[in-house]
Each structure stands twice: as C-alpha cells, then as structure tokens.
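Novice: Residue-level listing of the chains:
Protein chains: 2
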Amino acid sequence: MPPISFKIEKKIPNTLGRAGVVTTPHGIINTPAFVTVGTKATVKALTMEQVKDLGAQVILANTYHLYLEPGDELVCDSGGLGKFMNWNGPTMTDSGGFQVFSLGEAFGKNITKIAKGEQLVVNNGRSFPDARDTADDPSLLITKKLATIDEDGVTFKSYRDGSTHRFTPERSMEIQHNLGADSMVAFDECTSPIAPYEYQKEAMDRTHRWAQRSLDAHIKNKIASAKQGLYGVVQGGRYQNLREESARVLSGMNFDGYCIGGSFTKEDMDAAVSWVCSILPEEKPRHLLGIGEPSDLFGGVENGIDTFDCVAPTRIGRNGAFYTIDGRKNIFNSQFVRDFTPLEVRCDCYTCKSYTRAYIAHLFRSTEMLGATLLSIHNLYFIIHLVDRMRVAIINDSFLTLKADFLKQYYR
Amino acid sequence: MPPISFKIEKKIPNTLGRAGVVTTPHGIINTPAFVTVGTKATVKALTMEQVKDLGAQVILANTYHLYLEPGDELVCDSGGLGKFMNWNGPTMTDSGGFQVFSLGEAFGKNITKIAKGEQLVVNNGRSFPDARDTADDPSLLITKKLATIDEDGVTFKSYRDGSTHRFTPERSMEIQHNLGADSMVAFDECTSPIAPYEYQKEAMDRTHRWAQRSLDAHIKNKIASAKQGLYGVVQGGRYQNLREESARVLSGMNFDGYCIGGSFTKEDMDAAVSWVCSILPEEKPRHLLGIGEPSDLFGGVENGIDTFDCVAPTRIGRNGAFYTIDGRKNIFNSQFVRDFTPLEVRCDCYTCKSYTRAYIAHLFRSTEMLGATLLSIHNLYFIIHLVDRMRVAIINDSFLTLKADFLKQYYR
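So the sequence lines, in the order shown, correspond to chains L and R. If you read the first sequence in this note's numbering, its first letter stands for residue -7, the second for the next number, and so on. If you read the second sequence in this note's numbering, its first letter stands for residue -7, the second for the next number, and so on.
Hints were generated in silico from the structure; no laboratory data involved. Some hints here could point you the wrong way.
If chains are identical, the list can't say which one is meant, so a pair holds when it fits in one copy or spans any two.
As the list claims (entries may be wrong) - List of simulated lysine-lysine pairs, DSSO-like, C-alpha gap at most 27 Å: (1) 321 <-> 75; (2) 149 <-> 44; (3) 75 <-> 345; (4) 400 <-> 321; (5) 345 <-> 44.
Chain L on its own, in the form it takes in the complex (with noise of 0.2 Å):
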C-alpha cells in the first residue's frame, strides 16, 4: 500500500471542487485543508501543543531552511522532523524549489509569487527578527543574485553566511528522506511571474526532468519511499498550453500527489488551477503552493485544490494583522487602545477565549512578545477553520452560498 492515499468523499456539484481524505503514515488529513507552515521546523512563536489546540491537521516545514540549519542529517539523527520538533500528526517538506526562484530571478526585484496580487507585508519597524529569517523577506532583497540554475540543478549561496551549496533533484530527495516527513515535494524551478513564454517554457521542461529525476531517486531508497509519499509539481506560469501540458506531462508519472507551483497573476489564478485540475488524475490529493488568502481559498477549493500552505497567517500576525469576518485588520490602529472586546467575538480560539484587543493592542505597543503569539494563534486558528467550514459546505451541499456570504462581509 503506498504511504499517501486520498479517497472523494463528495463533490461540489459542476465544479472540480471534492472532500475527500488523506491518509498518511501519522494519521489523516481531512480535506479540504490548510497546511501550518512550520519553516524552520517551529511554527513561528507557537509551540506544538497550541498549535495542536488551534486545530492544525498537518505541519509543512521548508527543505532549504531545515538543511541550512540545523542539516537534515542532524534532524534526521533526532528521530525526524516530526519527533525533532514534537508533531505526532502529518508532515509536509517542500522542495527547496521556492527558493530557487526567490533567491535567484526574483532576488532583488521587487516581485513576489503573485505578480500583482498583495506584496509581501513590509516589516514596519516593530516586528520581531525571526522574520528576516525568511528568504523571501524583503529586507534581503538588497544583495546580488544568490542562485544560478542550470541542468543538472542549481546552485546557491547560504543567506546565513555566504558559503555555497548545490541542490539537484537528487540530492533534494536524499534531504528530504533524511528530514522524513509523510510527504515531500518533487525538486522544480518556481519560475517569475514576469518571465517571458520563452523562458517558462525552457524551465517548465526542466522542471518535468527533473520530476522524473526525483521520482526515480525517490523510489530507488526503498525504505524511505515505502514511508514517505512524493508530490510532483506543476509549473508553466501563467500560459495556458503550458500549464496543460505540464498537467499532463506529471499525470503520466506515478507520483503519490500533486503540487501547482507558482506564478500566477492574482486575476488567473482560478482559471490556472482549473487547467490544471481538469488533467490531473482525480484520485491524486493536489496541493497548491505558498496560497492562503481567503478569496484564493475558496477559489483554489471550488476548482479542485485538496490542501494549501501559506505563511500568511503566522507572518502578518507578527506584524500585528490580524483576519475577522469583516476583513483583515491591524492591532496598531488607535481605535483598539480601549477596546475591551476579542479579537472577533464569536471566535472559539484561545486568543479570543482569554484576552482583549486592548491587551494586544498594549502587547504590541510595548513590543511584547506574547503578542505575537496571540495574532498567530488567532490567525492561523482563522484561516485553517475556514477552510474546514469550506469542507463542512462541500458535504452539506452549500459550498458555493458559503462562498458568496463569506467573500461579500470580508471584502465588502
């Protein structure tokens, strides 16, 4: 039996939209999900037990950053990347492909994922350091290129001190197998939203390389590959024939699941994922990549998407943002000095259970750490309920009133 299995269990009727179950080697995900990201193997500011208590299913932690520090081989000397940083549930790594774009096209350009989407949240001067951390934190973006990419992978320099290392689709699985998580991601080249048809193309058939690479590296370690599922990832920008072909080109590999790898433009993402939900092979859990706001969830959902990762959550609420149904808010505005109310009065999470606005509001002002802690578990606690409440809707058959009634308070 392989490691990963996904069953339907209902389908939004005239979409692409499922619920269904992953099952994995350290329990299952009910889908569809949002997946907390855990960078550095730590979900910034949380510890495992509050982050269990907000209701994560599943932790995905970054590849490049866990093989920086502390290596892969001392993670996987500890027991892996589940036991090393106390999650019992499912694991995600992804490739390091990421980073190749956002430590080589894309560095120092001001130019994200999403080419005209949200930028990144600039650190206004009072967030805490962890977040330079980060690769793609903006305050990086003031050096050379640090990524050069060729046939055979690519080759980079460490942010932390300079020194210089190589990844191939190879060498990413071997870390991966060494992290040990229930799923890892097929090694690929995130391409630029702003790159030319040209240029998506040549690393779109790289990428399909390197894919089959990974996936015979892969399943030539017999005993990881009988504990650790392997995700491909589908590339192309924003072309639609690329995509397609991409779709394509991944379905025809055994792969336990797929990934779609950025670029998009925020206008086609829906569109995007659609191309490419409609070839993949049904059976297969589709995880999209680095996607977390409450517009492309329910977009990513009703077109076919399983599960997502973002920071999102976690990083804007250490900058002091925070979600409520009526959008996204900011603790530091002066209306919440003397406000003695929750966060959002009808929350259940813990932050909201126990403390005010005013109190965080203080926390912040007086740059306390415990309030970064409240934002992220509230957000990250927001964000991954209302993914589940999409799921609840897909099964009652409401998926699409939901859909409208959330997008219309929250972005009114």
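Got chain L sorted already, so can you dock chain R onto it with the hints?
Specialist: Chain R only, in chain L's frame:
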C-alpha cells in the same frame, strides 16, 4: 476581615523559617512561594495558560511600567490587572521604588542592587528585543540620570519618550488602586549598596515617612483598601542598626505584610534578612523583593521569608540560559547541538516532556521566538518547584537536608 491574611503551618526548628498560607481575595498562596514577574502585565513570551500550567501561584507586575504603558487608568477600566492579563489568581504590584534606584543613583553606573553578586545578564547579541523594555537593562545605562528625589516624592523622565512624571506616596497608592492587585507595596526608596551610611539613614527615614503616607492614603480609599492589602518596605542597606530600626518602625505601622528591599551584598544577605525577620511581626507575610538565585532562596526561606519575586528565570531564559540540578547552563554551548535529551532528565515541565536540548539549541541559533518561550517555561518551573520543595521539606522536617543536598550539587 483584612484582604490579606497569613497562617503559619510549620516552622523550621531553631530558625526563623516557616511554611504557611497567604489568603488573598483571588485565592491562597502556599508559602514559601516564588512569585512570577509579569512586568508589563505579561510574563514575557508566555500565555497565562502556560504560566498556570507550570505551577505559578501569584504574579507580580511593575507599577512604574504599567503607569507608563498602557496607563493605570486603562488597566482599571479593563477590570483591573488580573482581568486585563487573564490571570484569575493572586496578584501583586510593586511600589515603583526600585525604579527610583535604577533610574536615579544607579543610572549610568555598573551597579545592581546586589553589590558583589552576579551582575545583570548582559545581552549577548542574540537575545530578544523585549529585554530592552526593563528599566534596569544595561543598554539603558548610557544616558544621564533620569530621577531626582525630594522629601515629597520623585520626579523622573520616562525611558520611553523623555516626558517628565512624578511619583509621591499618594500617587503610587492611587496608581496601585487603579491597577487593583491583591497586594500593593508602600512607596519606598531602594538605595544603592555603595551609598554611604549617612545617605542610607536619610533615605531610610524618608522611606518610613513615605510608608506612613502610603498607609494613610491607602486606608483613606475605603473601597480599594477593603479588597487590596498593603505591604511596607524595610530598607537600611547593609547596616544592621539601620535594618533593625527600619523593621521596628515599620512593625509599628499596621501593614498587611512586609517587603524587604535591596540593597545587600551577596555575602550578608542572609544576615540582613535574619536581622529584619527577628523583629517583624511573626503573623504577617514577608516578601523579599527581586531575589531569585537558588542559594538566596534557601537562605531567605531559612531566615523567615515567605515569598520572593525575580525576573531572572525568564530573563536568563530569553538569553539561552537554563537551570539544572547541576547548575546553570547555556543552550548556545556547542555540546547541546546534537544532544537529544531534555534540558533536565527528571524534570516534568512541558519543555522537558516535549523537546530536546538539540531542538532548543536549533531554535536559539535560528533566533526563533519559541526558544525563549521554552526556556522561560523550564526556568520558571524549576525555580517555582524548588521553592515548593522547600515548603514540603519544611512540613516534613527535612528543610536543612534539602538545602545541603541541593546546594552541594548545584554549586559543585
């Protein structure tokens, strides 16, 4: 019935030490007890659920800090200190008198309230930014003296914005009434351990006059004094005759309990505590302000102290230090990088039950906030449970054995 009462359960034979119970409007405190410090109405890096789970009985917040941020009136409007920070148990506020010392005579000089003891833990460049928020942080010791004392009170400049403020005994009571803690502290002057005898005498006499004014102002507010107790502060520096005089004078005033304020030398702290506790009324609880080193806790308990507060467990934790029965260690030490055992094998704290030294070393080396949280949990648990063990030992007639065994192993 007074808001604060105390009952002795058992004494350490041939010493001044005792185990007892302090009863407050928000519950009891089994003594001896370590009081957890929540300077700005937050125990740094911890939720109140974590603080409760690790065994804290009572939290002390700093009047000076809360007066400046978010303001005592806001705390009052939120329902008082406990409700503001989501702590249902007993609370204390200090007088602001220590800041008179640290912003006044000690300002710009490399001295602390313990003359020959350990110096403050100095920021090693990897610690967290909230360390700067404490008025006695070394990074602040670069500008000029910020407080001046006269017979009526103290004028000081805010460390935040340079604005001028004034504390008098009456103002301190008014602020502490707004904060609404179960126990308050009379306004006092904490002198420098290197101040000459004449100044110690002068300051002590003034502190006695301020003690009476504090008591008068407290009693005058009938609503507040019905639900808040007031502790007087014994001063007198290193001089036996002054300490004894201070204890006698304050014993003549009807306080609900007594604090012993700095300054001491490390060598004569036990003696100074015993001079004072020989005189103070036996039936009133005694609190030793700002002391938390294991040897000092044993010495304090043996010489009649019921409660202690100190920022050390959380402050040293944020800097990577942690307590073990074999002494204090630092997680940055290279020996911990691949150490897959808990901080302390026989420790039952959340951190030790869930994470390894290698994982916590990774968090600190990656400047991940969770590291500060995990060491703060362990260190508070360690010190709180150490004092709890002293209580059990007193009741079991084995205090001196516990003291000898613990100190032999801890300081070997």
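Novice: Indicate which option fits the pair residue 149, residue 44 if close means a Cα-Cα distance not exceeding 27 Å: within, between, both or neither.
Specialist: Result: close neither inside a copy nor across copies, 35 Å intra and 45 Å inter.
Novice: Under a CA distance limit of 27 Å, which applies to residue 75 and residue 345: within one copy, between copies, both, or neither?
Specialist: between (30 Å within a copy, 12 Å between copies)
Novice: With 27 Å as the alpha-carbon cut-off, assign the pair residue 321 and residue 75 to within, between, both or neither.
Specialist: Classified as between: cross-chain Cα gap 24 Å, same-chain 36 Å, threshold 27 Å.
Novice: How do residue 345 and residue 44 come out at 27 Å by Cα distance, when the copy is not named: within, between, both, or neither?
Specialist: both (17 Å within a copy, 16 Å between copies)
Novice: Is it within, between, both or neither when you check residue 400 against residue 321 at 27 Å Cα-Cα?
Specialist: within (16 Å within a copy, 55 Å between copies)
In this structure, only the earlier hint numbered 2 is contradicted, and the remaining ones agree with it.
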